[in-house]
Amino acid sequence: MKEIVVISGKGGTGKTSIVSAFATLATDKVLCDADVDAADLHLIMAPKIRERHDFTGGHTAIINKERCSQCGLCRELCRWDAISEDFVVDPIECEGCGVCYYFCPEETIDFPEKKCGEWFISDTRFGPMVHARLGIAEENSGKLVTLARQEAKKVAEARALNLILTDGPPGIGCPVIASIGGATALLIVAEPSVSGRHDMERVAQLAAHFKVPAMVCINKYDLNIEETKAIEDFANENNIKVLGRVPFDPIFTHSMVQGQTLFEYDSKSEAAQAVEFIWEKIAGAL
Amino acid sequence: MIISVASGKGGTGKTTVSTNLALSVKRNVQLLDCDVEEPNCHLFIRPTIETVETATTPVPVVDEEKCTLCGKCGEICQFKAIVVIGETVLPFHELCHSCGGCMEVCPEKAISEVSRELGVLEIGHRDGLSFVHARMRVGEAMSPPLIKKVRSLSQSGRLIIIDAPPGTSCPVIAAMKGADFVLLVTEPTPFGLHDLKLAVGAVRVLGIPCGLVINCSDLGDDRVKEYAKAEGLPVLMEIPFDRKIAEAYSCGKLVVEVMPEWGRKFEELYYRIEELVGLSGSNTT
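Chain order of the listed sequences is X and B. Under this note's numbering, think of the first position of the first sequence as 3, with each following residue one higher. Under this note's numbering, think of the first position of the second sequence as 495, with each following residue one higher.
Read the hints as simulated data drawn from the structure, not as lab findings. Just so you know, these numbers come straight off a predicted model, no measurement behind them. Think of the CB as a built atom: it goes at the ideal place given N, C-alpha and C, for glycine as much as any other residue. Treat the hints with caution; some may be incorrect.
Computed Cβ-Cβ distance ranges for the label pairs, DEER-style [what the hints assert, rightly or not]:
hint	chain 1	residue 1	chain 2	residue 2	range
1	X	V259	B	P728	20 to 26 Å
2	B	C564	X	D88	51 to 57 Å
3	B	K747	X	T58	46 to 52 Å
4	X	K156	B	G633	48 to 54 Å
5	B	H619	X	D30	54 to 60 Å
In silico DSSO-like pairs for lysine-lysine, Cα to Cα no more than 27 Å straight-line [stated by the list, open to error]:
hint	chain 1	residue 1	chain 2	residue 2
6	X	K117	B	K738
7	X	K145	B	K520
8	X	K156	B	K574
Partial pick of chain B residues on the chain X-facing surface, computed with a CB cut under 7 Å [claimed, not checked]:
hint	residue
9	G504
10	G505
11	L537
12	G565
13	G568
14	Q572
15	G594
16	V632
17	G661
18	T662
19	S711
20	D712
21	L713
22	A742
23	S744
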C-alpha cells in the first residue's frame, strides 16, 4: 500500500486542482481529502455518499448552575479563562481538559463528549473517496485527519487497491502533522513567490523533521522564474526531488468552475501536459 | 478597533489585504501576523525587529523519587499526554495542552512544570506601523497558544489589523475572537465560495460583523456575489486579476508600492469598515 500526500505550506497553491488531475490519471486508488477544515476536493469529485459517520472528539464542560455553590475553584484552575464571573463556560474557549469537572467539590459540572464533525465514504467517477468535514469552529482537526486516512486505508485494503491519493491541508500545524505521518511520499505544490518559497521551506523542514520523503513541483512557475529557480535550488540542496513546473493558466479556474479536472476540461493544454509529466514521474518512483 | 482579515480558503489574498491596509490607513496601526504556521507579512512589510522572544507553554515533569505510580495523572489527562507504563511515568510533551491538571491532581506533589517551546515572537516596526508576528517551531502541533501570545501584545489606542491563518477551526477562531470586524478575503471560484461559506459560519458563531473583499474578481463566476447579496454581506472591495499585482506580490512588493493609486482604495476600505462597525453598535476595544 502506497500513499502520496499533497501538501503546500502556503494555501491556494493548487493542491486540490492537482490532486483532482492526478485522480484522472492514477488507476486503482482511493482518494482521501485530509483538508477537513476547508475541504474542497468533493467539489470536483462530486462524491455519492455511501456511508456517513459522526466524528466525536473531545469534551466540553457545562456547569449546572442550580447546584453550583459559586466557590470559584473552577475559575481559579481553568487556564483558558473559559468560565465567566457568573459561572458559565464559554464553549469556544473551553479546551476540554476536564480539570474543572474533576475538581468541582459539588460535582455539578457535566463533561459530555461532543460531535465535532462528520466523515464519509463515497463513490466518485474516479473510484472510492474518504472525506470529512470538521464542524465550524471546532477542535481536533488532527484526530479527524488521522481517522480519514485510516478509513481510506481500510477501503483500499478491502477493495485491493494499492494507492491512496491524499489532499492535505495548508500550514505546518496539527492537521498537517496528522496528514504526513507514515506516508510513502509527500508532494509539495509550491508557488514561485517570496511567500510561497518561505512557506515551502518550512513545510519541507516539517517533512524532514518527521522523516517523510518529499518531492516538489512548482505551480504558476512563469509568474516568477527567479523564485522558481530558488525553490528548485533549495529542493536540490535538501534532498527533495524536483518533479516539474506547471505554467500559470486560467484553465485551473475554468475547469474548477465547471466541476471538472484539468484533463476533463482540456487534456491538450500545456498545464494538463505538465501535470501529466509530473504524475508519470511519481508513478515511476512508486 | 480590531479588524481581523480571514478567508477560509488559503491563498486568496489575506496577507495582501492586511499589509496594504495597514500601510494605507492614516492611523496609529499595529499589524499582528497571526498566521504563525506560515507567517508572510514580514516579507512585504520588511519591519525592523527590535525584540525577539521565545514563546513557551508549561508541560509536566515528574520527580520519580516522590511518585508512587498511583496513575491519577494519567486518569485526569484528556490528551493522553502522561501515562504510567510499568514502573515509570511518561509525560509526552508534544501532546500536552498545558492544562495543569496532572500537577494539581498529584497527591504526592511529584509533578512540576518545565517549558515546551512554541515558537519565536518578534516585535518591530516600519516607520509608525507597529508589527508583531510569531513563527511556530517546526514540529509543534498547536498554533492557538502562540496566536494568543501574539494577540496579547496588542497595544491599546491603536487600530489593530490581524492577518489570520486559513481554515475555519481553532487557529482561525483564536485570530478572530474579540475582533470588531472580520474582513473575509475570497475569490470568485467554487473553492473560494465553498470555503467562504464556512468562514461566514465561523464569524457568525462569534457574532462579529463582517464584509468581503473579492480578489481576482474578474476570474471565475458570479456565484460569490450572488451569495453575498442573498446573505446581506457587503462587498467592500474588488481587486481584479492583474498580472502586475501577481508579479509584484511574487517579489514581495506591496500593491501600494507598485500602484500607489491603490492607497486611496485601501483607505476607503477602512472608512467603510469604520462605518459598518459604527452601525453595528459594537464598541469593544
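If any of the earlier hints don't hold here, list their numbers in rising order. Hint check: 2, 4, 6, 7, 12, 13, 19, 20 and 22 fail, others pass.
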